[in-house]
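K.L.:
Read off the chains here:
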Amino acid sequence: DAGVTQSPTHLIKTRGQQVTLRCSPKSGHDTVSWYQQALGQGPQFIFQYYEEEERQRGNFPDRFSGHQFPNYSSELNVNALLLGDSALYLCASSQSDRGNRNEQFFGPGTRLTVL
Amino acid sequence: AQSVTQPDIHITVSEGASLELRCNYSYGATPYLFWYVQSPGQGLQLLLKYFSGDTLVQGIKGFEAEFKRSQSSFNLRKPSVHWSDAAEYFCAVGDMNTGFQKLVFGTGTRLLVSP
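So the sequence lines, in the order shown, correspond to chains A and B. Using this note's numbering, the first residue of the first sequence is number 168, and each one after it goes up by one. Using this note's numbering, the first residue of the second sequence is number 16, and each one after it goes up by one.
Worth flagging that the hints you see were computed from the coordinates, not collected in a lab. Do not take every clue at face value.
As the list claims (entries may be wrong) - Straight-line Cα separation of at most 20 angstroms, SDA-like style, residue types lysine to any residue; simulated pairs:
1. B/K64 with A/N244
2. A/K193 with A/S263
3. B/K64 with A/K180
4. A/K180 with A/S263
5. A/K193 with A/A169
6. A/K193 with A/R230
7. B/K76 with B/T45
8. B/K83 with B/P22
9. A/K180 with A/N244
10. B/K64 with A/G170
11. B/K76 with A/F272
12. B/K64 with B/G31
13. A/K193 with B/E35
14. B/K76 with B/H97
15. B/K64 with B/F78
16. B/K64 with B/T27
17. B/K64 with A/E221
18. B/K83 with A/D264
19. B/K64 with B/I75
20. B/K64 with A/E219
21. B/K83 with B/S18
22. B/K64 with B/S54
23. B/K64 with A/L282
24. B/K76 with B/S41
25. B/K64 with B/G77
26. A/K193 with B/S41
27. A/K193 with B/Q60
28. B/K64 with B/V28
29. B/K64 with B/S29
30. B/K83 with B/Q73
31. B/K76 with A/E270
32. B/K64 with A/Q211
33. B/K83 with B/S41
34. B/K76 with B/S129
35. A/K193 with B/S18
36. A/K193 with B/Q57
37. B/K83 with B/E35
38. B/K64 with A/D264
In isolation and in its complexed conformation, chain A is listed as follows (with noise of 0.2 angstroms):
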């Protein structure tokens, strides 16, 4: 059974670009999250997906977006990139039937360089 998957492992951007960032769940998940983490801190919540919504999302600008497709299989876009875009993203997944006891289990990241 595979786990959360993550694509790409790293990439490099410049400021002003726009990246793409994949996402698949954990088999059996319908909820994905998104996490930013920068070097020396804890991973901070951008957003939830789920039934192809976004139905919360964390302190974080609109060049921040998302989607969720049908297979459940999740993208977090980033516009107009920033120097402190920089970071580790992580995504996690859960399941939505577990209600509020569900475990969120995260994927290796993808580290994002932005020159």
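Fit chain B to the known structure of chain A by using the hints.
P.N.:
Relative to the frame of chain A, chain B by itself:
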């Protein structure tokens, strides 16, 4: 707002010695609490979780944690540390205020294991 504090940025422990990593949380209701471990360049692996019931929870790799409501703490312990335990450890609280769970992480504690 919900928050998690990990007061120790770095901890060095001799191999075979016991370990305790501190975590304090701020949350208005009964918290869901988690400990994750992150090896260099990797995603997050769940060590253990607390939802309710017995306040001493057992996890993987010989770790345990104790929930103390009176102290708003959820400290992680291991009786005998192995060199392979060297990693970054994150405490997190599940924020259900919006009805959907997101994780709020502390800033992490880096564990170094000396021979």
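K.L.:
Now look at each hint and say whether the structure bears it out.
P.N.:
Consistency of the hints with the structure:
| no. | hint | verdict |
| --- | --- | --- |
| 1 | B/K64 with A/N244 | violated (31 angstroms) |
| 2 | A/K193 with A/S263 | holds (13 angstroms) |
| 3 | B/K64 with A/K180 | violated (37 angstroms) |
| 4 | A/K180 with A/S263 | violated (34 angstroms) |
| 5 | A/K193 with A/A169 | holds (6 angstroms) |
| 6 | A/K193 with A/R230 | violated (27 angstroms) |
| 7 | B/K76 with B/T45 | violated (26 angstroms) |
| 8 | B/K83 with B/P22 | holds (17 angstroms) |
| 9 | A/K180 with A/N244 | holds (13 angstroms) |
| 10 | B/K64 with A/G170 | holds (19 angstroms) |
| 11 | B/K76 with A/F272 | holds (17 angstroms) |
| 12 | B/K64 with B/G31 | violated (24 angstroms) |
| 13 | A/K193 with B/E35 | violated (31 angstroms) |
| 14 | B/K76 with B/H97 | holds (10 angstroms) |
| 15 | B/K64 with B/F78 | holds (11 angstroms) |
| 16 | B/K64 with B/T27 | violated (24 angstroms) |
| 17 | B/K64 with A/E221 | violated (26 angstroms) |
| 18 | B/K83 with A/D264 | violated (29 angstroms) |
| 19 | B/K64 with B/I75 | holds (10 angstroms) |
| 20 | B/K64 with A/E219 | violated (28 angstroms) |
| 21 | B/K83 with B/S18 | holds (16 angstroms) |
| 22 | B/K64 with B/S54 | holds (19 angstroms) |
| 23 | B/K64 with A/L282 | violated (38 angstroms) |
| 24 | B/K76 with B/S41 | violated (27 angstroms) |
| 25 | B/K64 with B/G77 | holds (14 angstroms) |
| 26 | A/K193 with B/S41 | violated (30 angstroms) |
| 27 | A/K193 with B/Q60 | holds (14 angstroms) |
| 28 | B/K64 with B/V28 | violated (24 angstroms) |
| 29 | B/K64 with B/S29 | violated (26 angstroms) |
| 30 | B/K83 with B/Q73 | holds (15 angstroms) |
| 31 | B/K76 with A/E270 | holds (18 angstroms) |
| 32 | B/K64 with A/Q211 | holds (19 angstroms) |
| 33 | B/K83 with B/S41 | holds (12 angstroms) |
| 34 | B/K76 with B/S129 | holds (19 angstroms) |
| 35 | A/K193 with B/S18 | violated (28 angstroms) |
| 36 | A/K193 with B/Q57 | holds (17 angstroms) |
| 37 | B/K83 with B/E35 | holds (14 angstroms) |
| 38 | B/K64 with A/D264 | holds (18 angstroms) |
Comparing the model with each numbered hint stated earlier shows that hints 1, 3, 4, 6, 7, 12, 13, 16, 17, 18, 20, 23, 24, 26, 28, 29, 35 do not hold.
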